[in-house]
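Colleague: The chain contents come next:
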Amino acid sequence: MRLERKILVLGETFQGKIETTSFEMLRVAQDLNQKIGGEVLFLLGTTQVNTEELERAIHYGADRVYCVVNDIFGMLLPHLSAKLFLPPIKELKPEIILGAATSWGRTILPYLAAKLHTGLTADCTSLDIDPEDGRLVQIRPAIGGNIMATIKTRTLPQMASVRPNLFPPRLDTSRQGEIKILKDTTNYNPELLKSEIVIQKDQKELTASKVVVSGGAGIKNKSNLELLSKLAEKLNAALGASRKLVERGLANYPQQVGLSGKTVNPTLYLAVGISGAIQHLAGMQGSQWIVAINRDPEAPIFQIADLGLVGDAREIITSILEVIDEKTHESAV
Amino acid sequence: MQNLDKTCRIAVCVKQVPEIGEARINPETGTLERSGVPLTINPLDVAALQIARLIKEEVGGEMVAFSMGPISSERVLRDAIAWGCQRGYLISDPRLAASDTYATSYILSKTLQKFGPWDIIVFGERAIDGDTGQVGPEVAAFLNLPVFSYVTEVAVEKETFSIKRMIERGWQIIKVRPPFVLTVSRGKSVVRLPTLKDKIRAHEMPIVKLDATALGIATSRVGLEGSPTWVQKVEKVQVTRKGTVLRDQSPKTMALAFKKFLEERGLL
Ligand SMILES: Cc1cc2nc3c(=O)[nH]c(=O)nc-3n(C[C@H](O)[C@H](O)[C@H](O)COP(=O)(O)OP(=O)(O)OC[C@H]3O[C@@H](n4cnc5c(N)ncnc54)[C@H](O)[C@@H]3O)c2cc1C
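If you're matching them up, the sequences are chains A and B in order.
Residues 1 to 333 (the numbering used here) make up the first sequence, in order.
Residues 1 to 268 (the numbering used here) make up the second sequence, in order.
The set of hints was computed from the structure by calculation and includes no laboratory data.
Quick caveat, the model's predicted, so the values are computed rather than measured.
Mixed in with the good hints there might be a few duds.
What the hints assert, rightly or not - Facing chain B, from chain A, some residues (calculated, C-beta under 7 Å):
#1 119
#2 149
#3 199
#4 297
#5 305
The C-beta atom is built at its ideal place from N, Cα and C for all residues, glycine as well.
Please build the complete structure, drawing on both the sequences and the hints.
Modeller: As structure tokens, this is what we get:
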């Protein structure tokens, strides 16, 4: 008899909704499961059961959904959520645990890994099963994106966080699965006085956007930045920045792309007035398409651009805005 | 915290890292080759030290630095002292080399426990070499403490701390009492450079060295052998794309080329 092999995806919820990144993880789990023929489990925590939402997890690839219910999940506090996830994880004994490399995932996964006395590989960009030993093969960028490391884990469960935006979720509404509600009414939070979430509405989230338009030191002033924002809006893009733009106070730190900022993997990355220092590349070189605008033809950014436009940023953006508007007129007719 | 009006004990963990871009990999072990590479304090650890110092100045108390690494890491402990720590402890032992995040966190938690208890333990959000961001949360788990990651600001109000952390959609503000662990991201706070006096003090301060034996750590649990994960292989990333570069053309021509690029890929 073959042992049942389980891959558990740790689901992330925000205000009662399952995050898209969790569906991405379900797809990764399914791809792996095809090689080991086991089961894909989805474990999530919510304050209130929403069956429709739980069924979505099945449609996106879960065979079984385990939902822990407790008020604590509304607070977005990984260490407290971890306490509620530990008992079901210990009972389910998954061979592999996956979670998204989000601010939440990158906090709760290491917390759980230490509690489970096992290894964890951060920010994987690809996962596989070794056909020889059946172990999880974890591939991740390291040393500022200069190398790719292949990592394996001796202990069980084998745990990995996976970068968002790399694996588009796969929806199949005909899928069937099982849902189990696990209530836990323990009050875990005597030490906590308050948790408040401030949503930044005017800013599209960098790591969740299909298109990212980033500005660098070549965006010299507010008026150039306004043009760039206009372009971002037209392209339905998030606005990113190089560290220099942040340092100059023209952008906020959460917008910084790069080694000490965020890693993005959008379909299109448009770098405007960015030289392409290795620390910046570390955060965006995984983008599917890269377009660069820079007046210096020797700028290193052109080496990794699919399309490079040499010239003044302001002039080129102004033209792009005009040209794109033309299209809008045509299609409106 | 037991009583804030007395002393707040703050531990800050710092790491020595190679200047990025200069890093080399040992092809056999897949770990960082340190010899001949310029080394520096992990940039986000400086942010951690800044926040720790602000807290110390606000509530009083002591601030102690810990680092695990080769003997050369003594330098980053001196940096930490110059940035406001009163003492520095260096965990250095060849038997601990090549520990992964689990083993490293285990060693650090054992050390912190030995010199604790702490009200606040502060880490940089991640080190620019390993780049995992896992050590802070793992230490918190080993010590059974709450952890708040991606912290950019901390304000003290009486006995409670107001912690501001980044999340994908904006910010989260948490009010909590110590003890807790923080992992700090680069915030808005202005970096205050050490004065000459700070630097002299740091230079003269003895650094306490600790090895596995002193810490009572079973070496089977740490180092390359004791780490649950291992690097099987590493490959250099070659980033070159055969792109088209347009130059000496009118902005309009380039704008049209960009539009075509978008249309061909279904992005418009
Ligand atoms: C430890 C460490 C971590 C770091 N982390 C990050 C990070 O996370 N993210 C990051 O971005 N950087 C990071 N850096 C900094 C990085 O090394 C570079 O300094 C930075 O990326 C440069 O930003 P930039 O390209 O905007 O500016 P510059 O290098 O100054 O380049 C500006 C570019 O704009 C072009 N330009 C100027 N005027 C115009 C114009 N009118 N039209 C068109 N083009 C124009 C110029 O030709 C030039 O190529 C880090 C550095 C260190 C040491």
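Colleague: Which earlier hints turn out false for this structure, listed by number in ascending order?
Modeller: Structure breaks no hint.
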